[in-house]
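Undergrad: Quick note, the sequences are listed as chains A and B, same order.
With our numbering applied, the first sequence closes on residue 295, and no number is skipped along the way.
With our numbering applied, the second sequence closes on residue 296, and no number is skipped along the way.
Calculated from the structure, these hints are not laboratory results.
Incorrect hints may appear among the rest.
Lysine-lysine pairs mimicking DSS-like chemistry, simulated, CA-CA at most 27 Å apart [stated by the list, open to error]: (1) K161(A) x K188(A); (2) K156(B) x K242(A); (3) K242(A) x K155(B); (4) K229(A) x K242(A); (5) K68(B) x K265(B); (6) K68(B) x K229(A); (7) K155(B) x K265(B); (8) K229(A) x K99(B).
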Amino acid sequence: MNSQDLTSTFRIFVMIAGLMTISACASNEPGCPSPQTRNLDSAISFVKTSLNSGCEAHFDRYYDDLLTIAEGDPKPENKRIFSEFLLWSGDQGLLSTRQAQEYYNRFFNVKFMSMKGDYNNCSHTCPNKQRVLFDMERELSDKERGLLRVSEDRDGYYRADRLYQEVELVLEATCTACAASR
Amino acid sequence: MNNKRPLAIAADPARRQATLGLLLAGTLLIFAQSVLANTPTIRLFPTTVVEDLKQTGNVARDMETGLQEVIGRLDQQQQLYVESKCDGAENDAGCQRLARQIGATYLDMLTIMEERLPDMEHTVNNTRISLERGLRNELGKKMTPWQLQETLIGKTATSTPAQSSPTLRGRSGMRLSERFRQYYQLVATSGSQSDQSLAVLASDIYLDMEETSVLIERTRQEIARATLMEQLNQSFGIITPEMMEVVGGVKTILFGDEDARALVAGPPPGSVEQAYRSPLEQ
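In isolation and in its complexed conformation, chain A is listed as follows:
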């Protein structure tokens, strides 16, 4: 083996080692770890510090972590805690008002954010009925998490579930009526 071969083998080895290091960093993310505590207030303090220390790109993961921690100690009070955390995120410029509303309402409100739009139902909702219902179904599982498992708001969750069924029925009828005029 000559010296040129040895050099190219060494280069390949260095590249592989470099790639392995990068991928290891990406999976462990030592700079932005998840909160380890099971206490929601402490976890929120931890997340706030992390978000203010350059981890704002991990907002989604942190929000998910906080929901998981809150599931361990479900209570109606949690709604307010999450609302205040989202308002704080808005004040810090981490989220826009719309984003904060989306994060809150998707999990803690009976109404569906997937059922929004500025145009009438015949022209906007009916052509996309299946997609709207699919999105609502996914949102309903988020509401199950937020309303039922985090906030213990059974009444709210069952109302959301019924609202989904009512929307399904009413949209079916309304869209049939809209289509009949064409």
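With the hints as your guide, set chain B onto chain A.
TA: What follows is chain B alone, placed relative to chain A:
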């Protein structure tokens, strides 16, 4: 001579300002009250729909009354046919006579249906068209998806009582006339119901009318075909399995399916207590 007194508010600027403020507040209050009083409610049930539902219920009852006797007779004849061990003995003269009698009763049933169905079709279509117009205009064209959602959920999302829901999903197991009678009662008393209940009720009835309309149309086409077939069969004294199937189908539609039970949504479990409202809530 000019007896008119200058307006008191013109004398003192401070008083004038206060009076104008009061006037403005009063005007705003009156305006707000009139806006609240005139809050548009969705118009999904014009009086014609109420009348059409009543009429459809009457036509359905007449049809049931007319058919009940014929179907009862058919059942008896079929029982006699089975008890006489005619299955597999079709060439027996007595069995052929019984089969012709059954066929004739079957023709009677088809004739009664043929006579009554056009009225039924007419009233069902009228109801369907009226509801269709209402749903398209009130929910389809005048509302955004968010407004529709707000209508369904009511003014306060957390305090909607479950018992106000008039949902009638799962309509089998009920006589046709009973079904329309229930619809009529719900619609006739719709003034006392909230918009969210009306939207669900109108959708439910409309989809049912749509289904019934298609079913009637198909049945009318089938009756013409079945009548011709049975007239041919009369000469041979044959009971076809299709004949029994049609009779079974008519019984289910008109008198309900004994196995099925109407599903009515129950109240959601859990407490009504709900205090916190986030400023982010929409």
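Undergrad: Each of the hints needs a verdict: does it hold here or not?
TA: Outcome of the hint check:
Note on K161(A) and K188(A): the hinted pairing holds, with a Cα-Cα distance of about 22 Å set against a maximum of 27 Å. A C-alpha spacing of about 17 Å is found between K156(B) and K242(A), which places the hinted pair at or below 27 Å, so the restraint holds. For the proposed pair K242(A) and K155(B), the alpha carbon gap of about 15 Å is at most 27 Å, so the pair holds. Only pairs whose Cα atoms come within 27 Å are accepted, and K229(A) paired with K242(A) is accepted, the gap being roughly 12 Å.
Restraint check for K68(B) and K265(B): the C-alpha separation of about 22 Å stays at or below 27 Å, so the hint holds. This hinted pair does not check out: K68(B) and K229(A) have alpha carbons roughly 38 Å apart, beyond 27 Å. Proximity of K155(B) to K265(B) is assessed by CA-CA distance (about 40 Å); at most 27 Å being required, the pair is judged violated. Restraint check: the Cα-Cα separation between K229(A) and K99(B) comes to about 67 Å, which exceeds 27 Å; the hinted pair is violated.
Of the numbered hints listed earlier, those contradicted by the structure are 6, 7, 8.
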